[in-house]
Amino acid sequence: MKKYIIGCVCYFLFLVAHAQEEPPSSWKTQLSWFLPTEQASASERQAYTHLLFAHAQKLAHKKQKVRHERAFLAKLYRITHRDFLKKYATNSPFAKTMQTGTYDCVSSVALFALMLEYTGYAYQIHETHNHVYIKVQTAQGEVVLETTSRTLGFVKYPAQEVNLEPDFRIISLKELAGLQFYNQALDAMQQENYSKGTKLLRKAKMLYAESPRINRLNFLATNFEKLSR
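The opening residue of the sequence shown carries number -2 in this note's numbering; numbering runs sequentially from there.
Derived from the structure by calculation, the hints contain no laboratory data.
Glycine is no exception: its CB is placed at the ideal position from the N, C-alpha and C atoms.
It cannot be assumed that every hint is accurate.
Pairwise CB distance ranges, derived in the manner of DEER restraints [unchecked claim]:
id, residue 1, residue 2, range
1, Q43, T148, 30 to 38 Å
2, A86, K25, 21 to 29 Å
3, E207, S38, 29 to 37 Å
4, A57, L149, 23 to 31 Å
5, P209, R64, 40 to 48 Å
6, Q43, K153, 36 to 44 Å
7, I167, T87, 16 to 24 Å
8, S38, F165, 29 to 37 Å
9, I167, S23, 18 to 26 Å
10, Q187, K62, 46 to 54 Å
11, R147, A57, 18 to 26 Å
12, P209, L149, 28 to 36 Å
Let the hints inform the model, and build the full structure from the sequences given.
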């Protein structure tokens, strides 16, 4: 863990030295959805913002040197996974991913979506009943990013080479942030911390109001509160 933190600091200093501009306000807003104040301090949020933006700038620079979009996306996938995602574990919010390199499908999809946003790619976030992944449109056809897999997650020909679950719905990056709060709310309630779970659900609903799973859990939590009075 100590080596990982030192490595991140060195990488951060290198990237910041090469950054030439401030992140776009819209991009910073998107990132802020995944770094709430109760999970990361102001100084941490600032450091993570500059670190990720410098990484996005580095990728944008590499994009100019790669002729084919699929080749660039494969490079984007490999470099981003290598530099930020170290170990998969369920219920790993984005702040934990930045702090330790531990990630889940939501936090890793958020990371890649932010990189795609900055490098100018049209993408869709697909939500199934227990998973999320990304589809990216390129001039050479569709690419799937199964972000939880380091070695098998970049799929050039999804129809032939990957057996993904039937889609539940296509969601926005903001709605993905709602799922992060939903996962934490569910975890809190499973630990019988209903007060914390209810607060997290409110945040989830603010970001993803039309989510069936968030509304279902919110209904159960509300009725449980009424019965426990």
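How the hints compare with the structure:
{"no.": "1", "hint": "Q43 / T148: 30 to 38 Å", "result": "33 Å, holds"}
{"no.": "2", "hint": "A86 / K25: 21 to 29 Å", "result": "27 Å, holds"}
{"no.": "3", "hint": "E207 / S38: 29 to 37 Å", "result": "32 Å, holds"}
{"no.": "4", "hint": "A57 / L149: 23 to 31 Å", "result": "26 Å, holds"}
{"no.": "5", "hint": "P209 / R64: 40 to 48 Å", "result": "43 Å, holds"}
{"no.": "6", "hint": "Q43 / K153: 36 to 44 Å", "result": "37 Å, holds"}
{"no.": "7", "hint": "I167 / T87: 16 to 24 Å", "result": "23 Å, holds"}
{"no.": "8", "hint": "S38 / F165: 29 to 37 Å", "result": "35 Å, holds"}
{"no.": "9", "hint": "I167 / S23: 18 to 26 Å", "result": "20 Å, holds"}
{"no.": "10", "hint": "Q187 / K62: 46 to 54 Å", "result": "48 Å, holds"}
{"no.": "11", "hint": "R147 / A57: 18 to 26 Å", "result": "23 Å, holds"}
{"no.": "12", "hint": "P209 / L149: 28 to 36 Å", "result": "30 Å, holds"}
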